[in-house]
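Q: Fit chain B to the known structure of chain A by using the hints.
The listed protein sequences derive, respectively, from chains A and B.
Here the first sequence is numbered in my numbering, starting from 2 and rising by one per residue.
Here the second sequence is numbered in my numbering, starting from 21 and rising by one per residue.
Hints may be right or wrong, so weigh each one.
Which residues of chain A face chain B? A partial, calculated answer using Cβ under 8 angstroms [to be verified]:
1) 19
2) 21
3) 25
4) 66
Pairwise CB distance ranges, derived in the manner of DEER restraints [claimed, not checked]:
5) B:53 <-> A:122: 42 to 52 angstroms
6) A:122 <-> B:87: 37 to 47 angstroms
7) B:36 <-> A:120: 16 to 26 angstroms
Derived by calculation from the structure, the hints in this document are not laboratory data.
None of these values were measured; they are calculated from a predicted model.
Glycine included, every Cβ here is placed at the ideal spot set by N, Cα and C.
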Amino acid sequence: MSALRLGVLILLTLVVQVTVFADVRIWGIAPELLVLFAVMLGYWAGPQSGPTAAFVIGLLWDVYLPTPLGLSAIVFAMVAFAVGTGGAELFRDSKVQLAAIAAVGTFGAVTGYALLGEVMGQRGLVDLEMLRVALIAGLINALLAPLTRPLVAWALGPTFGLSGAGDIR
Amino acid sequence: MALAQRTGRARHRLILLTLVAMTLLTVDLRGFETARVAQGYVRDVLHPVNSLASSIFSPVGDIWNSVFQYDELEAENAALQQQLDALSGAAIQAEADNSAYRQLLESLELPYALDLETVTARVERGPVGNFASDVVTINKGHSHGLTEGMTVVTGAGLVGRVDRVDGVTSTVQLLSDPGLLVGVRLVSTNDVGLGHAVPGEPGVFIINQGPNWPQISEAELLPEIGSAVVTDADSRYTADVPIGRVIEVRPASDELSLEVLVKLANDVEDLAFVSVLITEQRAEPPLLPVVPSTSVPLDLDPDLLNDPNAGDSGGSGGEVTQ
Chain A
2 MSALRLGVLI LLTLVVQVTV FADVRIWGIA PELLVLFAVM LGYWAGPQSG PTAAFVIGLL
62 WDVYLPTPLG LSAIVFAMVA FAVGTGGAEL FRDSKVQLAA IAAVGTFGAV TGYALLGEVM
122 GQRGLVDLEM LRVALIAGLI NALLAPLTRP LVAWALGPTF GLSGAGDIR
Chain B
21 MALAQRTGRA RHRLILLTLV AMTLLTVDLR GFETARVAQG YVRDVLHPVN SLASSIFSPV
81 GDIWNSVFQY DELEAENAAL QQQLDALSGA AIQAEADNSA YRQLLESLEL PYALDLETVT
141 ARVERGPVGN FASDVVTINK GHSHGLTEGM TVVTGAGLVG RVDRVDGVTS TVQLLSDPGL
201 LVGVRLVSTN DVGLGHAVPG EPGVFIINQG PNWPQISEAE LLPEIGSAVV TDADSRYTAD
261 VPIGRVIEVR PASDELSLEV LVKLANDVED LAFVSVLITE QRAEPPLLPV VPSTSVPLDL
321 DPDLLNDPNA GDSGGSGGEV TQ
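Pulled out of the complex, with its shape left as it was, chain A reads as follows (with noise of 0.2 angstroms):
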């Protein structure tokens, strides 16, 4: 895994996510696109990586939040992890399955954060509003999770696999 490429990518994540996503909103809800590259980490890094920098990514997008510093980071890690986990005996091979982990995933961490930041004295989070969030933001990261395909495997390098966009169906 190359950290400066990783990194590059993360900033431009992160930059894209505080600018274009303010303003850009599907039925009022903004694309969660730190969540599904945390996803989309775990899933292609493994449980091994994939937590780690799915945990920068929160970190960073914490810094921007109003919630404590730190509750995105543990949910991205978590999700990172149970994708990475959960998707080590999968072959890989088809665009729809890609499409449904970054539906759960994105769901998975979206409710988690939610719940969380209610444990953590956050209010207002756990409600209707949350379960809406979580499943516009889920399918919208389905959509975008076969185009995200080609950065991580840029940003991941050779030795993951991962010859960019091509293998999959």
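A: Quick look at chain B alone, frame taken from chain A:
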């Protein structure tokens, strides 16, 4: 065997990450200044990149909003046209009423927008993420004299308060956040109370508690519909900043006290520029010592006892206000 070893190492690493995250959470929740400063530095370092990206990508947001929110824009345009027509008709009337308006302001003693130092700021972006909808980021920070808790206004009235200050940007907690309590004064009755935005009802503010808050039987204490509501002098905001006008007075759910509904003067969901009032801030509303009405405080200036006008301007000085 190898797979089990890898999984074991991954678990150990996850446990380590969890411990680091729990430490950070504890440090942040306990309000350690170092953690806040470090986060501020990160935001400041990334600010030029974000600004550049904002200017590059702003057409994307504009195009997106114009395509997918066209109906809303059309309705907004129609409403604005109606307002414009009404305003042009009212312009002549307003000129005639201007002197009366000034007199009214003087009579109400609203010092709002008089000799206060202000810093004008541009709203850089709305909320980031999906769980903090009632904040905006403005392009002024510590280097422009802003500190946490300062009152943020527009010409129409209160917008919110400065929540987080970095070097060159700040985050403003908007009045539309139901968690933001504001000490208010009802101008028509001079009652003071605590109010907050109503969840799910944009632009509506509710006041339902306060010292000596009117009970349902005290009809003579009801504020007039349409009367003004401003920030209270003892709140943590600059005094007498307009909040809105009373639109309804109704019994509270306990059927004993009253709730006052207020239409906010500001549309905080559509802000481009705001002004920050540069004043000294109080982190919390002051709690004055409670003095029984029949006693004389030990530290009372004896001259005040001889001056019959001494207590007229300050209200009931010994009470806990809010």
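Q: Any hints this thing doesn't respect? Which numbers, in order?
A: Violated hint (a single one): 5; every other hint is consistent with the structure.
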